[in-house]
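J.: Sequence:
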Amino acid sequence: MFVKDPTEEALEKNLRPKRWDEYLGQKKVKDTLKIIIEAAKKRAEPLEHLLFYGSPGLGKTTLAHVIANELGANIKICTGPTLEKAGDLASILTNLEDGDILFLDECHRMQKAVMEMLYSALEEFQLHLVMGRGPMARTMDLDLPRFTLIGATTRMALLPAPLRNRFGAIFQLQFYTQEEIEQILRRSSALLRIAVDEDALHLISTRSRYTPRIANRILKRVRDFATIDGSDTVTKGIAEKAFSFLEIDELGLEPADRKVIEVLIHKFLGGPVGIQALASAVSEEEDTILDLYEPYLLQLGLLERTPRGRVATALAYRHFQTPPPKTGLL
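1 is the number of the first residue of the sequence shown in full-length UniProt numbering; add one for each residue after it.
Hints listed in this document are in silico derivations from the structure and should not be mistaken for laboratory results. Keep in mind that the hints are not guaranteed to be accurate.
EDC-like cross-link-like pairs, simulated, lysine to aspartate or glutamate; straight-line CA separation at most 20 Å [claimed, not checked]:
{"hint": "1", "residue 1": "241", "residue 2": "197"}
{"hint": "2", "residue 1": "236", "residue 2": "179"}
{"hint": "3", "residue 1": "18", "residue 2": "38"}
{"hint": "4", "residue 1": "34", "residue 2": "106"}
Pair by pair, the computed Cβ-Cβ distance ranges are [stated by the list, open to error]:
{"hint": "5", "residue 1": "40", "residue 2": "164", "range": "19 to 27 Å"}
{"hint": "6", "residue 1": "126", "residue 2": "280", "range": "44 to 52 Å"}
{"hint": "7", "residue 1": "78", "residue 2": "161", "range": "20 to 28 Å"}
{"hint": "8", "residue 1": "315", "residue 2": "40", "range": "40 to 48 Å"}
{"hint": "9", "residue 1": "221", "residue 2": "42", "range": "43 to 51 Å"}
Values in this document were obtained by computation on a predicted structure and should not be read as measured data. Every residue, glycine too, gets a C-beta built ideally from N, C-alpha and C.
Make the full structure from the sequences, and use the hints.
T.: In C-alpha cells, the structure reads:
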C-alpha cells in the first residue's frame, strides 16, 4: 500500500495561506474584511456572520481559515449536504464556544428544515426545539454561545432571502488576474521546493483558468513531468509536454470544457439550448455544468446565457476552427 511522504504532505498543506500577507488577490474583499475584523476586536464582540460566494477554487475556505487565524479563534468545518436533520445542526452548534467560527461550505445544499432552524441561531443565538409529537409536543429554547458563521456557496441564487439577510456582510470572490496567479505560483513553487523558470511560470498561469486551486493542481502535475525527465527545473518545454499529455489547451480548456462547446456547436447548431438538454447531451449533471464549466466559459466569452438558453459565441467558433452558421455570429 502506498504511504504518502509526511514531508510532502506537510508541504502541500502549507500551500493554504494562513495570514493576510500570504493571501494573494481579492484585494477589495481583504481590505473590507480587515476593517470588519479590527472593529469587532476593538468592541470586544464576536465577528458578524459572513457569506462568501463565487466559483469553486477561488479561496472561500482559505479566507475562513485566515479570518480564524487573525482572530485567534477555533474553526469548525462542515458542509451543507452533511446536515441531513435539524438534530445534526443542533449537535454542532451546542458544541461551539464563545468566539468560535463555524465554516459551512455549500450552504445552499442544506435541507429546508435545517436551514430554518439556523435562522434563530444566527439572529438570537438560540435554538427553538420541538420536543415530542402531537398533543404532547412542547417547545424548548436552548441558548447558544456567541459564535460566527462563515457560509460559502457557489450558487448564491439558491439561498433563500431569510438566510441571506442574516449575514452581516456578503462578499463575491472574483476570478484572479494572470499577474495574481503568477504570484501564487511563485509562492507555491517555493513551498513545494520546485524551481520554475519564468517562461514556464507564465505558461502555467495562462492555463490556470484564473483560479488558484487549478493553478496549484497544474503546478504539481507539471512537477511530475519534470521529475520523470530528471530535471531539477520546470522549463517551458516540460510545461508544454505536460499540457499536451493532459490535453489542456492554450485557453486552459480541458476535454470536458471542450466537449460542452463542441456539443453546443455541432449538435445544437450553436444554440440556444436549455441547460437540461445540454447536460443530457454531454452526460453531465446540470449542477456540474453550472458550477464547474460554465463560469469559466462565460469568463472567456465562449458561451452566452440568454433567456432562451445557452449560445456559442463567435469566439467559440473561431477557437474551435468551425465556420459559424449562416445566420452569422461574425
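J.: If a hint holds in the structure, say so; if it doesn't, say that too.
T.: Here is how each hint holds up against the structure:
Annotation: proposed proximity of residue 241 to residue 197 holds, straight-line Cα distance about 15 Å (limit 20 Å). With a CA separation close to 18 Å, the supplied pair residue 236 and residue 179 stays within the 20 Å bound. Our distance criterion of 20 Å between C-alpha atoms is met by residue 18 and residue 38, whose separation comes to about 17 Å. Our distance criterion of 20 Å between C-alpha atoms is broken by residue 34 and residue 106, whose separation comes to about 24 Å.
Evaluation of the 19 to 27 Å hint for residue 40 and residue 164 yields a pass: the beta carbon distance comes to about 21 Å. Range check, residue 126 to residue 280: about 46 Å between beta-carbon atoms, so the 44 to 52 Å window is met. Under the hint 20 to 28 Å, the C-beta atoms of residue 78 and residue 161, about 23 Å apart, fit the expected range. Separation of residue 315 from residue 40 is about 45 Å and conforms to the stated range, judged on CB atoms against 40 to 48 Å.
Between residue 221 and residue 42 the C-beta distance comes to about 45 Å, which sits within the given range of 43 to 51 Å.
Of the hints listed earlier, the one the structure fails to meet is number 4.
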